[in-house]
Structures are given as C-alpha cells and as structure tokens.
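Protein chains: 2
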Amino acid sequence: MNAKIFIVEDEKPIITLIKYNLEKEGYKVSSSENGEEALKEIKESAPDLVLLDWMLPDLSGIEICKQLKKSAQYKSIPIIMLTAKGEEEDKVRGLNVGADDYVTKPFSYPELLARIEALLRRSKPSVAQDVISFEDLKIDRITRRVYRGKKEISLGPTEYNLLDFFIKNPKRVYSREQLLENVWGNDINIESRTVDVHIRRLRQAINIAGSKELIRTVRSAGYSLD
Amino acid sequence: MNAKIFIVEDEKPIITLIKYNLEKEGYKVSSSENGEEALKEIKESAPDLVLLDWMLPDLSGIEICKQLKKSAQYKSIPIIMLTAKGEEEDKVRGLNVGADDYVTKPFSYPELLARIEALLRRSKPSVAQDVISFEDLKIDRITRRVYRGKKEISLGPTEYNLLDFFIKNPKRVYSREQLLENVWGNDINIESRTVDVHIRRLRQAINIAGSKELIRTVRSAGYSLD
DNA sequence: TAGGTTTGTAATAAAACTGTAACACTATTG
DNA sequence: CAATAGTGTTACAGTTTTATTACAAACCTA
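Respectively, the protein sequence lines represent chains C and A.
Just so we're on the same page, our numbering is the position in the first sequence counted from 1, plus 17.
Just so we're on the same page, our numbering is the position in the second sequence counted from 1, plus 17.
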C-alpha cells in the first residue's frame with residue numbers, strides 16, 4: 018500500500034503531523050499550504066487521495082473541490098474535507114460539492130486514517146491491472162499464474178477465479194451469495210455451502226508450509242482475503 | 018446500506034412498489050397505512066428515515082411530522098414528504114413543519130432513491146458510512162472489524178450487530194424490546210433478559226483493561242452507547 | 001477414448017455462538 | 001431496614017455455523 022496522498026492545509030503543524038503519521042504508514046505524502054498552488058500540483062502529481070482543508074487563505078477548499086470534481090480527468094480522485102468544529106452546515110455543502118468524506122477538526126488520527134483507508138479501498142479497486150499482488154501473493158492475469166512468495170501455485174479454474182475476485186478488494190468481506198454471484202455467475206443454482214469447499218481448496222493451495230493464513234472466515238458473514 | 022426506512026402511505030400499491038425497490042437496494046423497510054398506528058410504530062422501531070404521505074385518511078402526514086419533530090428524541094429522524102402534484106402550497110407547509118425534503122407524486126423511483134440517499138448521507142452519516150467511530154471505538158463495516166483504540170476486538174455475530182445498531186444512535190437509550198426488534202429481527206420470540214447477556218458479552222469484549230465503560234444501563238429503560 | 005482433473009453435494013466432525021435459568025447483586029421504595 | 005423490582009454474572013445444553021472428507025459425475029486433454 019503506497020498510495021499517494023496530497024494535503025492542502027494552511028497550518029503547518031497539522032501538515033507535519035499528518036505527514037509524519039501517514040508516511041509511517043507507508044503512504045507517499047506531498048502538501049501545499051496555498052490553494053492556487055495546490056490545484057496546480059494536484060493536477061500535476063495525480064495523487065490517489067486529497068485531504069482538503071475547508072478554510073484556506075486564498076482559494077477556499079470548497080472551490081478546489083468544485084474545480085476537481087467538475088473535471089472529468091480528476092473527479093475520480095477521492096477528497097476528504099477537513100472542517101472545523103461547528104461548521105456543521107459546511108459539512109453538507111462540502112458533500113454536495115462532491116467531497117467524498119469529511120473529518121471534523123480536531124480529529125483523532127486513527128479516525129482520519131480509517132477514513133483514508135476506506136476511501137482508498139472504495140476508489141482504487143485493482144481491476145484493470147495485469148499483475149496484482151496482496152502481501153506475498155501475486156497473480157498474473159496474462160499468464161494466469163499465481164505465486165506465493167517465490168513459489169508458483171497451481172489452482173483449478175474456480176479457485177483461480179475466486180482468488181482473482183478476492184484480490185480486487187482485499188480485506189473486504191463477501192457473503193457466500195456474493196461470491197456465488199460474482200465468481201460463478203448470476204443465474205446458476207448452486208448450494209451456498211459449496212463455497213466453503215472451494216475456499217478450503219483455495220486455502221490449501223495458497224498456504225504453503227509455514228505461511229500465514231490469508232483467507233479470513235467471518236462467522237455469519239462470509240470470507241475475505243486478509 | 019442497511020438503513021431502516023419507514024413508509025406511511027395509504028395506497029398499498031405504492032407501498033409495495035417502493036418497498037420492493039428499496040429492499041433490492043438493501044434497505045430494511047416497514048410500513049403502515051394508518052396515521053395513528055404509524056406514529057406508534059415509528060417510535061418503537063426507530064427507523065433511520067421516514068417517507069410520509071401527505072394525505073392520509075386519519076391523522077394527516079403533516080400532523081405526524083409535527084409530532085415527531087417536536088419530540089427531542091425523534092426529531093433527528095429525517096422525513097421525506099410525499100405530496101400530490103399541485104399541492105405546492107403544502108410543500109411549503111411541509112417544510113415549515115420540519116420535513117427535510119419532499120417529493121411530488123407521481124415521482125420517479127430514481128429521484129426518490131436519490132433523495133433518500135442524499136438525506137441519509139447528510140443527516141445520518143452513521144447509517145450510510147463504511148467506517149464509524151464513537152469515542153475510541155471504531156467499526157468498519159466493509160471488513161467487519163472492530164477496534165477499541167488501536168486494539169482489534171473480536172465479536173460474535175450478535176454482539177457485532179448490537180454494537181452496529183447502537184453506534185448509529187449513540188447516547189440514545191433503547192429498551193430491550195427495541196433491541197430485540199432491531200438487532201434480532203421482528204418476528205423472533207426471545208426472552209427479553211437475553212439482551213442482558215449479550216450486553217454483558219459486548220461490554221466484556223469492548224472494555225479492554227483500564228478503558229472506560231461505554232455502555233450505560235438505564236434502569237427500567239434499557240441501554241445506550243454512551 | 002483412457003486417464004487424469006475438477007466440481008458440486010452430502011455426510012460427518014469440529015468449533016463457535018446462543019438463549020435460559022438460576023443465583024448474586026444493587027438500587028428503589030415505603 | 002426489609003421488601004421488591006431491576007440488573008449483573010455464570011454455567012451449560014442445545015443450536016447454528018464452518019471445516020473436512022469422500023465420492024460420483026462432469027470435464028478436459030492428449
């Protein structure tokens with residue numbers, strides 16, 4: 018996870034704080050304290066997510082948001098607004114303008130992080146990629162090969178599709194029904210317990226000796242790659 | 018999303034239609050064709066949003082709206098009024114009475130849905146959001162994980178649902194009956210004291226050493242997340 | 001088509017969760 | 001302060017959910 022995050026915020030200490038923490042998390046962080054400049058830099062650097070202060074000296078955050086969201090090219094970049102407490106009404110406007118989420122200052126860092134992760138998860142499904150990896154698992158869609166670490170793994174067609182589906186949205190929990198619908202196909206009529214068996218086969222295949230379990234069972238909910 | 022929507026409308030076909038569509042969307046839908054009854058049921062079932070027909074045989078929609086909006090406990094429930102074409106004047110009255118939005122009949126379903134979603138996002142972020150937190154408790158609905166501070170907490174299905182329900186309306190007190198209805202489901206038949214046991218289990222799980230109690234007992238009334 | 005793979009199901013084992021009831025405790029009331 | 005009503009705790013048997021295994025049928029592939 019090394020997504021690029023851009024911060025627009027005029028208070029330096031806040032930038033420093035967020036930057037420090039996010040970098041520790043493995044994100045690449047750049048920032049700007051100035052609205053005009055920010056917009057330019059965002060367009061140049063194409064970050065995966067933007068943290069946007071609501072109150073800026075020159076161009077207001079909401080203006081930047083508007084600008085980005087009306088551009089076909091940039092509107093898919095998720096934006097989190099940072100609003101000061103008491104600007105309740107502004108929250109609404111922020112969302113109407115197209116911000117994807119907002120966090121009220123003063124915010125707790127874990128909350129900010131959680132929201133960042135949630136947005137990234139939602140907006141960056143690795144759908145189109147030829148080679149995707151999760152932890153030490155790698156799947157190459159062109160050659161249709163799967164690796165755990167260095168070791169190649171052989172999967173049956175169903176297990177392959179299952180893994181391919183899981184890896185598009187790692188950590189997300191899917192019910193058996195969702196899996197049947199997405200991996201098997203809409204109209205088939207298969208026992209939902211069958212999923213268990215394929216999960217088992219997939220687990221068996223990707224768990225080479227001493228490696229950690231990658232598929233999580235969530236009781237009464239389903240499974241996730243995690 | 019899993020928000021609960023309540024429909025008050027005397028024309029059955031409309032109820033059926035809306036219900037069918039909303040349920041497909043993942044909402045839990047209940048309804049009433051009768052004003053008096055509706056008010057009671059709304060107070061009991063604590064929906065996240067109410068669709069309110071303007072013209073009702075007995076108690077008028079506007080009256081229900083008034084009642085709800087003047088009650089501190091229920092006034093935060095967003096209300097969408099369904100008004101017949103030409104009742105322009107009523108719209109105004111509707112809004113004055115505290116309705117949060119209105120839709121003119123005949124309405125297009127996409128429009129209704131859009132308004133429902135906008136309203137939920139705006140006024141009930143806790144219902145529509147993937148990640149919610151209260152104090153240092155955090156719940157991620159996508160990955161179905163729960164954290165207290167930094168520490169992950171493992172919950173059984175019922176405890177998870179219970180917490181998920183509580184966190185939608187922090188500080189609000191729910192009776193055991195309300196909890197049974199909302200967390201367990203409408204039609205089950207369970208001893209109300211059973212709730213105590215699950216509250217206990219939830220408490221035990223989320224109270225890591227030295228942390229403060231988050232679930233409040235309100236004697237002779239119920240429990241709240243507080 | 002023979003020989004190996006893969007698949008879905010059903011049966012069984014194992015694990016996790018649930019609801020009750022019984023008893024302990026605490027607040028409330030007169 | 002005793003009686004009462006409301007909660008907290010605990011243990012446990014029963015239930016639900018998941019894991020594992022075996023197998024026959026369907027499917028490939030050479």
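Calculated directly from the structure, the hints in this document are not laboratory data.
All values derive from a computational prediction rather than experimental measurement.
Errors might be hidden in some of the hints.
Stated by the list, open to error - The calculated PhoX-like cross-link candidates involving lysine-lysine, where the alpha carbons are at most 25 Å apart (straight line), are:
(1) A/Lys-167 <-> C/Lys-122
(2) A/Lys-168 <-> A/Lys-83
(3) C/Lys-36 <-> A/Lys-167
(4) A/Lys-141 <-> C/Lys-83
(5) A/Lys-168 <-> C/Lys-122
(6) A/Lys-141 <-> C/Lys-229
(7) C/Lys-188 <-> A/Lys-168
(8) C/Lys-36 <-> A/Lys-168
(9) C/Lys-60 <-> C/Lys-83
(10) A/Lys-41 <-> A/Lys-83
To be verified - So the derived label-pair ranges between C-beta atoms look like this:
(11) A/Ser-192 <-> C/Arg-210: 31 to 39 Å
(12) A/Lys-83 <-> C/Asn-206: 46 to 54 Å
(13) A/Glu-54 <-> C/Glu-42: 37 to 45 Å
(14) A/Asn-203 <-> C/Lys-167: 48 to 56 Å
(15) A/Asn-224 <-> C/Lys-168: 52 to 60 Å
(16) C/Arg-139 <-> A/Arg-139: 13 to 21 Å
(17) C/Val-214 <-> A/Asp-243: 43 to 51 Å
Where is the CB? At the ideal position from N, CA and C, for every residue including glycine.
Right, here's what the structure says about each hint:
no., hint, verdict
1, A/Lys-167 <-> C/Lys-122, "holds, 20 Å"
2, A/Lys-168 <-> A/Lys-83, "violated, 44 Å"
3, C/Lys-36 <-> A/Lys-167, "holds, 19 Å"
4, A/Lys-141 <-> C/Lys-83, "holds, 23 Å"
5, A/Lys-168 <-> C/Lys-122, "holds, 23 Å"
6, A/Lys-141 <-> C/Lys-229, "violated, 39 Å"
7, C/Lys-188 <-> A/Lys-168, "holds, 17 Å"
8, C/Lys-36 <-> A/Lys-168, "holds, 23 Å"
9, C/Lys-60 <-> C/Lys-83, "holds, 14 Å"
10, A/Lys-41 <-> A/Lys-83, "violated, 31 Å"
11, A/Ser-192 <-> C/Arg-210: 31 to 39 Å, "holds, 37 Å"
12, A/Lys-83 <-> C/Asn-206: 46 to 54 Å, "holds, 51 Å"
13, A/Glu-54 <-> C/Glu-42: 37 to 45 Å, "violated, 52 Å"
14, A/Asn-203 <-> C/Lys-167: 48 to 56 Å, "holds, 54 Å"
15, A/Asn-224 <-> C/Lys-168: 52 to 60 Å, "violated, 43 Å"
16, C/Arg-139 <-> A/Arg-139: 13 to 21 Å, "holds, 19 Å"
17, C/Val-214 <-> A/Asp-243: 43 to 51 Å, "holds, 45 Å"
Violated hints for the displayed structure, listed by number in ascending order: 2, 6, 10, 13 and 15.
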